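Student: For the sequence shown, position 122 matches number 1513 in our numbering, and the numbering has no gaps at all.
Any given hint could be a false lead.
Unchecked claim - Mimicking BS3-like on lysine-lysine, the simulated pairs with C-alpha atoms at most 25 angstroms apart in a straight line are:
hint, residue 1, residue 2
1, 1458, 1408
2, 1559, 1458
3, 1539, 1408
4, 1408, 1531
5, 1559, 1593
6, 1502, 1593
7, 1502, 1447
8, 1504, 1539
9, 1502, 1458
10, 1458, 1494
11, 1559, 1447
12, 1504, 1531
13, 1593, 1539
14, 1504, 1458
15, 1447, 1458
16, 1539, 1502
17, 1464, 1438
18, 1502, 1559
19, 1494, 1447
20, 1539, 1494
21, 1438, 1494
22, 1408, 1447
23, 1438, 1502
24, 1458, 1531
25, 1502, 1531
26, 1494, 1464
27, 1559, 1531
28, 1531, 1438
29, 1559, 1539
30, 1408, 1438
31, 1464, 1408
The hints are simulated quantities; they were obtained by calculation from the structure and are not laboratory data. Fair warning: this is a prediction, and the values are worked out from it, not measured in the lab.
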Amino acid sequence: MFFHHFLECVFSFNQVKHPSHIKPIYDDGFELHSEVDKQCSLEGRQKFNDRLRLYKYMLNTFEDHQKVSILEKIGLEIFVPIVEGGMLLSEINVRSLLFDALKIMQTSEIKLKMQLGKLDVDYEGDDEEPPELIKSAARKFISTTFRKTIAETVMPHLFALNAFLREKRSPLTEYCYGVILEICRDHQEQLDDFLASDPQLKAEIRFDLRQTAGGGGQQDNSNKKKRKIEIIKGEERREVNKKEIENNKNKCTNVHFHKHLDVKEVLIKN
């Protein structure tokens, strides 16, 4: 039940109109705006913790595939409309909606559990748990499938939103980048797949992951930023060099192929 109405709740709690949301209307044509509604409202920054508790409660009831679906829906129904101008970032309730969405994506409750082959504690049947080898193979397959889905359907929307927020110099940029960093930290094996289209962002994230892993947060901020810029530029140069090497290889192959054809034509004529 919660799964099918989760995004509607996020919109409703922040008083942002959702396409599937219809307000109750009295017979005389006036919308329902009673004092009770105002007292029960979850709108506004001061009610964020109340909203977050409800989000977490609902998320705890979801299976892994439902969590991935929620991440995808957040991208399609919140991030895309904001980037494309369907919802205006200048509106405070839209900013609150986006803040909630980004915080939801950082909760421990939305992380994939990958709990396979575990029997219910109340189960009294004779079936035994599957062998560890089978569970491991199944877990690896499902993990790969979910990560591929995240790379193809979730990350592109996050990258587009991150670029949009940076362009607008929005304070929410920090939270958006934090979500990207968190997902990349949880799925470091797929880092190249996630960031194949953005070498600069990949270099930036790799630097930040190394900093957090190595406890580099104690460095002076100015020195840290300079070092980060140097590393990002170095990563960009390496990416460019890789592409140039590939292009040169292709050119050499083409030249060799055409020379071979020319020699063949001469031999045929003679």
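Student: What are the numbers of the hints that this structure violates, sorted from low to high?
Tutor: Going through the list in order, the structure violates hints 2, 3, 4, 11, 18, 27, 28, 29 and respects the others.
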